[in-house]
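K.L.:
Spelled out, the chains give:
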Amino acid sequence: MPIDIAARVLANRPLSSDYNVLALAAPAIAAIATPGQFVMVKANAGADPLLRRPFSIFEILRDARGDVTGITILSKRIGVSTSLIYDAREGQRIDCLGPLGRPFTIVEPPTHACMVAGGVGLAPFATLAQALRARRVTSTLFYGARSAAELFYLDFFRDLGVELLLTTEDGSLGERGRIVAPLDRRLAGMPASTGVMIYACGPEGMMAATAKTAMKYGRPCEVSVERVMGCGLGGCYSCVVPMRGADGVVHNVRSCIAGPVLPGDQIQWD
Amino acid sequence: MPIDIAARVLANRPLSSDYNVLALAAPAIAAIATPGQFVMVKANAGADPLLRRPFSIFEILRDARGDVTGITILSKRIGVSTSLIYDAREGQRIDCLGPLGRPFTIVEPPTHACMVAGGVGLAPFATLAQALRARRVTSTLFYGARSAAELFYLDFFRDLGVELLLTTEDGSLGERGRIVAPLDRRLAGMPASTGVMIYACGPEGMMAATAKTAMKYGRPCEVSVERVMGCGLGGCYSCVVPMRGADGVVHNVRSCIAGPVLPGDQIQWD
Amino acid sequence: MDLSVHIGALTLKNPLIAASGCFGYGVEYADVVDLSTLGAIVSKGLFLKAREGHAAPRIVETPAGMLNAIGLQGIGAQRFIDEKMPELRARGATVIVNVCGTTIDEYVEVSRMLADTEGIVAIELNISCPNIKEGGIQFGCSLNGTFDVVSAVRKVTRLPVIPKLTPNVTDIASFARSAEEAGADAISLVNTFLAMVIDVETRKPKISNGMGGLSGPAIRPIAVRMVHECRQAVKIPILGMGGITNARDALEFIIAGANAVQIGTANFVDPFIWPKLLDGIRDYGQRHNIARVSDLVGTVARSHD
Amino acid sequence: MDLSVHIGALTLKNPLIAASGCFGYGVEYADVVDLSTLGAIVSKGLFLKAREGHAAPRIVETPAGMLNAIGLQGIGAQRFIDEKMPELRARGATVIVNVCGTTIDEYVEVSRMLADTEGIVAIELNISCPNIKEGGIQFGCSLNGTFDVVSAVRKVTRLPVIPKLTPNVTDIASFARSAEEAGADAISLVNTFLAMVIDVETRKPKISNGMGGLSGPAIRPIAVRMVHECRQAVKIPILGMGGITNARDALEFIIAGANAVQIGTANFVDPFIWPKLLDGIRDYGQRHNIARVSDLVGTVARSHD
Ligand SMILES: Cc1cc2nc3c(=O)[nH]c(=O)nc-3n(C[C@H](O)[C@H](O)[C@H](O)COP(=O)(O)OP(=O)(O)OC[C@H]3O[C@@H](n4cnc5c(N)ncnc54)[C@H](O)[C@@H]3O)c2cc1C
Ligand SMILES: Cc1cc2nc3c(=O)[nH]c(=O)nc-3n(C[C@H](O)[C@H](O)[C@H](O)COP(=O)(O)OP(=O)(O)OC[C@H]3O[C@@H](n4cnc5c(N)ncnc54)[C@H](O)[C@@H]3O)c2cc1C
Ligand SMILES: Cc1cc2nc3c(=O)[nH]c(=O)nc-3n(C[C@H](O)[C@H](O)[C@H](O)COP(=O)(O)O)c2cc1C
Ligand SMILES: Cc1cc2nc3c(=O)[nH]c(=O)nc-3n(C[C@H](O)[C@H](O)[C@H](O)COP(=O)(O)O)c2cc1C
Ligand code: FES
Ligand code: FES
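Chains as they are written, first to last, in this note's numbering: chain A, 1 to 270; chain B, 1001 to 1270; chain C, 2001 to 2305; chain D, 3001 to 3305.
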């Protein structure tokens, strides 16, 4: 059951001129969230902007005693609400509804986890990496961005024992190019007997390429899709993704309640 | 010529649970403002709320060297924009257009000035009292509010040598009742040979009563009227006040450019 | 305050209704709000057959509003009866169905199917969806079309029949009269305003269907005016809507002439809105000493009183 | 980018026009904006005689919009010619007059008076003001009324005649066609939407006239749709407006089909908007390599291209 909290901003840490991490006092949401779930956020009073915006839950915050105190979101400034989030001030209230949506399936050892993140698509993987680590699942983060300056939280993942494979479009860190290339190589090199699960989040094209690469190697793949969402609760039918159903027919499926994590091989990528 | 400044909030001082004084870095406006003028303020980005709001210029701010640095406004929280102003944070930007409107006529000695303020109607009198003092005009501030807790800046006026006559509706400070009663007594007691100018700002009913009292004693009276203003520049015709013109006929006059300071005896009070 | 609302023989426990297309099939919100506390919920638009609707993007935000062109994706009348009604009944929901059609026959057939289903208390006729080519608005934009659909459905059910009017007309009051003459028990208004948003960088419309329907606070003052006009024109109850976001807004519609109100877009922004609305209306009743919410309906005072 | 706009024989230096009723008589803004840099300014609505308009309050804010019922307060045609035109000429303003009437004869007479005045380049016929009882919208809400006013004025002047259409109709394109057939050189759209705001505490309308016209960003998506529909229906230029607040919005109207745009409410919020709009349009032209702003008119791409 989702909860709506007028959450106090605990901290707002800019990571770059566009990215920031916003910490919100939302313990009741933090207490029940699972990796891959999201919150619907409204950073302004009044009707312009009108609707909430969906954000992956990035981190779960805990106090010194280990009790949950809130969540963070990793936001990339692209428009009006993400600008408000970038400029948010400590002490301000931000409406936060969640946790929402279907989370990632968390595999068991000896399956190896490949997390594939493009840009702000990193967001759901911080909590996923922790959950995998808790189950002692080994994992690799394939993480691509435009440049070195937009690759964040590398130490966070290193400290969890996650193997890092980085790409940048300008070659300023890691391999030059797109993130699917190293994924493809890695999958090509893995014996069929080794279990692998692929998780992806990022731009639509990257996710489609990841899903297709996974299919090429017959590997399961879960993608966290990003659609314009009006409600986040299944009420508006704005967030649909065309998916092949059990009947073999393509249906429009609401990604806010059937997803945002969906099986990559059932999506009708175009 | 009015100037539009995205003014930084220098300070926000709450005076009560509804009143606050907001200091805005708007030196170019401060430099040319005269007592009784106003600014049009927008405290939010986006279109809800949409329009600016009119506020009297309360104080002119100066730095240690005596150079103007900005203005303050005295705001009473009654709705959406005044709530944003009450909650404004230091460093935030607020659009501020001004100075606008026709100011008070500043009399010369030996004329005595009676300033009549009701509630937030105090706002234009801080700069007026200073201007009168600069001309060595003696003055009295008749200042009424609901209770003692809503009578502000008394020391400011005392320090300028302004005589204070206070009323409160609950009798918690000064005389119990409305402010027009002591004004009436004062005017009744003044010999016709003593020049008096009456300035009034406050609720509509109080201003009408003040204007009528002034007329009763044949004294000139300038009132600063308060109308819903769409533009503040004469563009929208929203702010009209019915006034008897030179032709003896009542015309709707735009209070943003013909006023806000208008001769009380020409207004068609209803 | 007595909050009950009467629509023909039907009594709703309060005037708060979840608007069609803005509350899924109701079941989606069962976790968030006690469905039995709502005056009623209106189902998503139902055709005879299932429909997939338009491609995404289906919505775009506008100043104080949103455009949608969902294209009436839906599971069709029979699956609604089989798959959704059992849970809605179990949850104690009062269900009004929103009936769509591409022909009068389809309206009649869908209405007949649904009218016989336990738990369905009224039929709202969607003759006003701006987002599909065939059907719907072609009836709602013509006085005869409105009359014909309503009277055809009127004949096949004893449930209250509630045509939902489009605001995209010159004189909405004449449509209200036409509906009343055809035997409607009430009217719902307004549906969305046909509108368009263009991405100037690509010069493409922002939603895949090109045009869509505008809802939300942006349209509220127009909707209030239309409710007021219809209140002068007809005697039957009005279900008013368009941009209601709080109790004040709901009361504004009621004072303008609505017997009950529907909430659409605001439910997206705040799914926990329902108890807040109810509390706000109760509080107003207490402050103003109003015995029955129905005493407020259509009580606009003259400006100069 | 070549910003010039052609309306019949008339050429405007750029597509930015101050909308009627939102820029006083122009002279009020002479301190704030160089009037000669605007494509044109449209005067406040002018009748033959002076009018005092409605009592205050005349406006009320709504979500992303505002309602007004000024009641066409104005100084009348003759005083406009005598008192305002000299300064407007001296400032180099390009003046379009907004002509009102309670009868066709009044439209004709006012148009004739103004057409002979140096510095006035076109006549916008206000047949769409929702805020006065007599005249105006009664013509604008009927196809014959629109045709008759336009053709009557057409006969008495060689200046471009530009009827301003109301959005409060079912099919605005048919009104555009009617205007074109009657000889209009261009059409302006949209005027405001008839709307209402009620103060629930007093149950009185918030503005003294009861109802008023809704303008501002709230209406923009509907206005864009109407411009797009009219662009398909007629060949004459369209002066598009409704909620334009920045260059992006202006370009949206142009892409939808407007040859020029008018800015009303946004000028209240930011009287310094004009150079910002011009810069924004120029910048867009450069980024997209557009030689003439007229090349953008009515170039909506298909959603799925
Ligand atoms: C389940 C989910 C999880 C998400 N998690 C994150 C996250 O962790 N961090 C993050 O930064 N972002 C995330 N997003 C995307 C985020 O919701 C959008 O960036 C945000 O809604 C943009 O709001 P805005 O007001 O800044 O942009 P707007 O001003 O509304 O829009 C700016 C432009 O971006 C387009 N746009 C808006 N929303 C989307 C969207 N969802 N998809 C594609 N284009 C869009 C608009 O059409 C417009 O052209 C997530 C989206 C979903 C669906
Ligand atoms: C020339 C001038 C100078 C002013 N100076 C000051 C000042 O120094 N300090 C100060 O606190 N206020 C001042 N005001 C009043 C101030 O402009 C309003 O309080 C403000 O616009 C309210 O904005 P809001 O968004 O908070 O209220 P809204 O949410 O817009 O409105 C709340 C309620 O107040 C009513 N209302 C709004 N504006 C006015 C108005 N101007 N007159 C009467 N009723 C109104 C509305 O109809 C509504 O019912 C001045 C007004 C004028 C015209
Ligand atoms: C996403 C969405 C889907 C809608 N679907 C329907 C529908 O299926 N049938 C219908 O009659 N109205 C539909 N509507 C219109 C609403 O029921 C309502 O009339 C309109 O949104 C105005 O109310 P609001 O401003 O409170 O949203 C839909 C509206 C939205 C926003
Ligand atoms: C206060 C006000 C007064 C107006 N007066 C007139 C008028 O006299 N004549 C007219 O044709 N339109 C008038 N209008 C309508 C505007 O010209 C314009 O059509 C409408 O406001 C939509 O544009 P906007 O959203 O940019 O304001 C007026 C609008 C406002 C807000
Ligand atoms: S976001 Fe509303 S149904 Fe998914
Ligand atoms: S506020 Fe617009 S004319 Fe006075």
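It is worth saying that the hints were derived from the structure and are not from the lab.
Take the hints with a grain of salt, since some may be wrong.
[Said to hold, decoys possible] Straight-line distance between alpha carbons at most 25 Å, and here's what the computed DSS-like set of lysine-lysine pairs gives:
#	chain 1	residue 1	chain 2	residue 2
1	D	K3204	D	K3155
2	C	K2204	D	K3235
3	D	K3204	D	K3049
4	C	K2235	D	K3204
5	C	K2155	C	K2204
[Unchecked claim] Some residues of chain A that are not near chain B, with every Cβ distance over 10 Å (derived):
#	residue
6	A134
7	A149
8	G205
9	A246
Think of the CB as a built atom: it goes at the ideal place given N, C-alpha and C, for glycine as much as any other residue.
K.L.:
Against each hint, give a clear statement of whether it holds in the structure.
P.N.:
Consistency of the hints with the structure:
| no. | hint | result |
| --- | --- | --- |
| 1 | K3204(D) - K3155(D) | 45 Å, violated |
| 2 | K2204(C) - K3235(D) | 22 Å, holds |
| 3 | K3204(D) - K3049(D) | 31 Å, violated |
| 4 | K2235(C) - K3204(D) | 22 Å, holds |
| 5 | K2155(C) - K2204(C) | 45 Å, violated |
| 6 | A134 | 40 Å, holds |
| 7 | A149 | 26 Å, holds |
| 8 | G205 | 32 Å, holds |
| 9 | A246 | 45 Å, holds |
When held up to the earlier numbered hints, the structure conflicts with 1, 3, 5 and fits the remainder.
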